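Asks: The task is to assemble the complex, starting from two chains supplied on their own in separate frames and drawing on the hints.
The residues making up each chain are set out below.
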Amino acid sequence: MKLCEVIDALNSEVICGGDGERNITGVITGDLLSFIIGEAQEGEIWVTIQIHLNVAAVAVLKEIPMIILSSGREPSSELADKCQEENIALIVVKESAYEVCAKLKELRVES
Amino acid sequence: MNAEVYEEEYSVDGKEFVSIGIASTKIKAALKMLGIPSDLIRRASIVAYEAEMNVVIHGGGGLMKLEVHPDFIQIVARDEGPGIPDISKAMQEGFSTATEKIREMGFGAGMGLPNIKRNSDRMEIISEVEKGTEIRVAIDLRNKD
Ligand SMILES: Nc1ncnc2c1ncn2[C@@H]1O[C@H](COP(=O)(O)OP(=O)(O)OP(=O)(O)O)[C@@H](O)[C@H]1O
Ligand SMILES: [Mg+2]
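Sequence lines, in order, name chains H and E. Residues in the first sequence are numbered consecutively from 1, following my numbering. Residues in the second sequence are numbered consecutively from 1, following my numbering.
In isolation and in its complexed conformation, chain E is listed as follows (with noise of 0.2 Å):
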C-alpha cells in the first residue's frame, strides 16, 4: 500500500433510515483528524452524506470507503442494489423513483445526485441494472488559482 494514501472503509446498513450517516459522520471526523481545510470537508461532508443517503435508499445497504491522497480526497460508495438503468437521467435534477412512503420520510427530492456533482471536482458512476451501482466522487485538495 502506497504510505501516502490514508484509506478508510466503511459498511452501510440498508435498514436503518433513520441513523443515515454514521459512515458520512465517520467520513467528516477523519478528514478533521488529517487536518483537511474545513470548506473541503464540508463538501465531503455533503458528497459522502447524499452518496450514503443512496446506498440506504435506493441500493438496499453496502459500503463507502475513503481515500486521501496527496492531490486530492476520493469518496467511493458501492451497493448490490437494482442499479441505474439510465444515468444521465438519474442526474437530472427533481429525477427520482423513490416511493410516496419514501418521499414522506424526506428523500426523493432529486436532488442529491445533482447536490454531489455540484460540490465534487469529478464524479463517475458505474452501474449496471441488478447487479448495483457504484459512485467514485474526486475532490481536490490543491485549488489552482
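Bound conformation, chain H alone (with noise of 0.2 Å):
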C-alpha cells in the first residue's frame, strides 16, 4: 500500500502527512529505540508510545516513513517539527498498539 492509503483507512489525527506516495513495506512495533535500530527494515510503518525527539532520529537513522503513535499518545513538539522537516508521516490514534497492529494486518499495509 502506499503511505496515503494506509493514513485514509485508519481513524487518525494527522499531525505530518510525510510522503504519501511511499511504498509500506511492512509494520514493526516497539518502545526501545535501540531494538527498532536493530530490527526495523527500511519501508516500515513504527507504531510506538514514544513521543520524544528521538524517535524522529531513529526513523531517520532506518529510514522509516511513518510512525504511529498508539493509546492516543500526543507528540512532543520537538517531534512533531522533527517529523514535518524530514517528511516522515506522524499520525495519532486512539487504539492500543494491539489493536492497531492488528488493523495494518487486515489491511495488509505490506503488499
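Certain hints may be false.
The list that follows gives simulated cross-link-like pairs (lysine-lysine, DSS-like), each with its CA atoms no further than 30 Å apart [said to hold, decoys possible]: (1) H:Lys2 to H:Lys103; (2) H:Lys94 to E:Lys101; (3) E:Lys15 to E:Lys131; (4) E:Lys131 to E:Lys101; (5) H:Lys2 to E:Lys101; (6) E:Lys26 to E:Lys15.
Beyond 10 Å from chain H on every Cβ pair, some chain E residues (computed) [claimed, not checked]: (7) Tyr10; (8) Gly21; (9) Ala30; (10) Glu50; (11) Phe72; (12) Asp86; (13) Gln92; (14) Lys101; (15) Met105; (16) Ala138.
These are calculated hints, taken from the structure and not from any lab test. Keep in mind that this is a model prediction, so the values were computed, not measured. Positions of the beta carbon are idealized from the N, C-alpha and C atoms, including for glycine.
Replies: Set out below in C-alpha cells:
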C-alpha cells in the first residue's frame, strides 16, 4: 500500500502527512529505540508510544517513512517539528498498539 | 597533521536526554559533505547515534570524534563516566544496566553495543571502572570483493 492509503484507512489525528506516495514494506512495533534500530527494515511503519524527539532521529536512521503513536499519545512539539522537517508521516490513533497492528495486518499494508 | 585525514571533534552534553543525536547528526553531515557512499553513511550514522546515546545515558556526557582516513572511517566516543566492569557482558544482546525510568524513555534494550558491532568492521572498547569509557569503531571505505 501507499502511505497515503494507509492514512486514509485509519481513523487518526494526522500531525504530519509525510510522503504519501511512499510504498509501505511492513510494520514494526516497539518502544525501545535500539531494538528498532536493530530490527526495523526500510519502508516500515513504526507503531510506538514514545513521543520524544529521538523517535524521529531513529526513523531517519532506519528510513522509516511513517510513525503511528498509539493509545492517543500526543507527540512532543520537537517530535512533530522534526517529522515535518524530515517529511516523515506522524499520526496519533486512539487504539492500543495491539489494536492498530491488528488493523494494519487486516489491511495487508505490505502488499 | 596528515593532510589526507579529515578530523573533527564534537562535545556531547550529558544532561540533554531528549536531544541526543546532535553530534551524530554533525558526523552524518560531514560524511555527506565528503561524498562517502550512502550505505556506509547509513552504517556510520547508526554507530554514531548508538555511541552518542551511551555517552549521554551511561557516561554523563563526553566527546565524539570523527576521522576519515583514505581507507576507513573511524568514530570515537569518550566519557569520564562510571566505566564498564565487564565488557563481554556489556556486549551481550539484552544486557543493560539502564534504570526503569530510563527504559520508560525508550533506552535500555541492551542492543546498542550489538548494533554498533553489526554495523562496523572493527570495534574496540577501552574502559576503566570509575575512570571512563572509550569506544573506537572503524568502517572500511573500500570493500574487498
Ligand atoms: N559509555 C558507557 N559508560 C558506562 N557503561 C556503559 C557505557 N556504554 C555501555 N555501557 C554499559 O553497557 C551496557 C550495554 O550497553 P548497550 O548500549 O548495548 O545497551 P544499553 O545502552 O543499556 O541499551 P540500548 O543501547 O539498547 O538503549 C549498558 O547498559 C551499560 O551498563
Ligand atoms: Mg546503548
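Asks: Would you list, in rising numerical order, the hints stated earlier that this structure does not obey?
Replies: Checked against the structure, the hints that fail are numbers 5, 8, 10, 15, while the rest are satisfied.
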